[in-house]
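Given the coordinates of chain H, assemble chain P onto it according to the supplied hints.
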Amino acid sequence: MEMPQYDPNTKPEFELYTIPSHSSWFRWDDIHETERTALKEFFDGSSISRTPKIYKEYRDFMINKYREEPSRRLTFTQVRKSLVGDVSLLHKVFRFLDEWGLINFGAVSRGDDSDNRDSSLGDTELKNQVKIEEGAPNGVRVVALPNSLKPISVPNSGADGSGNGKVAVAGETGVKLPPLASYSDVFGDLVKLKGFKCGSCGEQCNSGCYEYSKQGSFVICEKCFKNGNYGEDKSKDDFRFSDLGGNSLTHGATWTEAETLLLLESVMRHGDNWELVAQNVPTKSKLDCISKLIELPFGEFMMGSAHEMNSCPTGSLNSLKEGQSASSENQNDVKMEDQVHDQMNESKQNGDAATEEPPAKRKRIAPLSDGGSTLIKQVAHISTMVGPHVTAAAAEAAVAALCNESSCPREIFDGDEDYLANGLSSPTMVSDPERALQVDASKMEENQSETQDASSEKNDVPLNLRIRTATATALGAAAANAKLLADQEDREIEHLVAIIIETQMKKLHSKINYFDDLELIMEKEYNEMMQLKECLVEERIDVLERALKTGVSKWRS
Amino acid sequence: MKLPATSSSKAPVKPTADNLVPIRLDIETEGQRYKDAFTWNPSDPDSEVVVFAKRTVRDLKLPPQFITQIAQSIQTQLTEFRSYEGQDMYTAEKIVPIKLDLRVNHTLIKDHFLWDLNNYESDPEEFARTFCNDMGIEDPEVGPAVAFAIREQLYEIAIQSVASAREIKISKKGRRGAEHAISSKGGGNALDLMKLFRYNSSVVRKRKEWYVYEPIVDILSNEEVDALEAREDRNTR
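If you read the sequences in order, they're chains H and P. When we follow full-length UniProt numbering, the leftmost residue of the first sequence carries the number 1, and every step to the right adds one. When we follow full-length UniProt numbering, the leftmost residue of the second sequence carries the number 1, and every step to the right adds one.
Don't read these hints as lab results, they were simulated from the structure.
Listed below are the simulated SDA-like cross-link pairs for lysine to any residue, each with C-alpha atoms no more than 20 Å apart in a straight line:
#1 P/Lys99 with H/His91
#2 H/Lys92 with P/Glu214
#3 H/Lys92 with P/Glu126
#4 H/Lys40 with P/Asn119
As the structure is a prediction and not an experimental result, all values here were calculated from the model.
Okay, chain H solo, but in the shape it has when bound:
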């Protein structure tokens, strides 16, 4: 930075500050053209509050302030308190200096610019601010009497009487954390938490617990929740399911497939009611659910369609929710497919019929052949109308679920696909799914007739088959659609290339013509020249003849 003239014997104390090379115009004593142009307001004399002198003061102050601590990132808020003037203008100066690297050049950079701030703030940002929280943190209730419930305490819990983590509290009173409790006392136990004790029955909550969302520290086990022992004054809706993965601290950044599935189901059921959706999806907060849903390729459709359909499939979905079998999962996938497509489908009734089908099939009430063809036709019809991306996404989900099955069904699935792939070579798109439809319908009728009298277990098999063929059809239809689009693209490309080649040829032709013309012209000129030459020669001969005739003996040239 500044080099005062020191005696060369003593080592001069330099403080070196780095600024980028494109800012080398900067001088302390002067205001450069760059500054004048960027910050015109100070230099046009429009106001008494904006003069070059004032600008220089602002600038010098900010740079000096930054250089007091070059590694620390100077924030605008830190400087604006010390400067008199319009804050917007000050911010402009600040930003100018920042962009040119005159301040904050060596500072730790903030991850993102102010536009998108993730909830995951960089550590550097946090270490500049100290957050002081008074009282016990959220979710911790301190119990004075250890006999209300046995608190889960890790052996070295020194601050007894201090609740650790989610202590189940039957009573509501809590005592404030003693002010001298150290951080590790309070939070160390939180991390080492092993298990929950139910608030109403006192047993260990092994698989999962329901947390009272209003207070955040009341926990009951699954059994009690199902039985309805919620504790006093608490209703069913207030409880939130939380898995015992110790993941109360996750921010929901990672979504496993199971969670996504749960989320989609919950949205189906509850539509816009995000509280309930968040409840049903454990470990994910409301915001996470909403943002994840939006991120999904068909998320917005879900939100719209769920809203439309929330009246209808509630009952059917509920009945399905009970089972944990893979088939029910598949059904849900197919239904979701339907729901997605429903957005584009005019006839809502078919959609209703489709969603009613799976439970009907399960109960074996409706005639199965009708149900089969309706479903498949429905799916195929929808698939043809929908763009390839949506069907691809929905099909992906279905395939993922199907992949969890044993190998045998997978082969059937592949078999169907092969058949359908063969059928793709035909030109028309609509006939494809229909043909596949018929085949599938006949196939299904075969299956149905075989297993008409089977037990409920066996019923699951044709059910799976049907569903698989349905999904395969959808995939086939989507693939056909995509292929046709691709063909179209190819043709267009060919056409365009042909046009290009033609134009080039024309260009060349015209060039050749041009050169031909030139040649012609040149030839003509050449001929003219020759003629001129001959004329000249003739004249000369004439002159010579005459000269000879008149008897000029001596030749004077």
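The following block gives chain P in isolation, referenced to the frame of chain H:
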């Protein structure tokens, strides 16, 4: 707010980068109270007001009586705003002090700074964004609330000066009315530029004054929030 500078300029001149109206709602029906504050774009068609009211009621699951009340309140404030449009404003620089004293969920903010009413590039939203970033505020509702508070104050001040200008024009018709209007535009709000930006004084504040203009951000605990809310309710009733 849209306040054209002089009759010659065609483009609408705004005291802030965006032309937004601060709207405050405080409706109570059947024992339920709905309080909200946000900014509205006055160039949106009025039909949007009803749509917005319906959507809000649905999202917050309020009883349907709120729809008409919300829509009415918004409309009234919008028309009031529009009645101030088209007033001639003297475009001299006008620096006013803005004080922030608001509570958003668990965050308490107190701040004090200067704002130029006639700086048309000024942007409350940007200020709020910078503020939240610098102070590391994670609650996403704080930014808009800060921007709204700033806009509201600017709006108030602008209204005041328009109203006072009107009065002056009426009272001092033809008698050097314009000059008086200009001189009293300073009013009680704007700071005297002459005093602040004197030639031989520095624009850097004295250190002991820094704390006055420094922002204070407090994170409150649940009990404090409840206590404050109770007190606010008592005050407003």
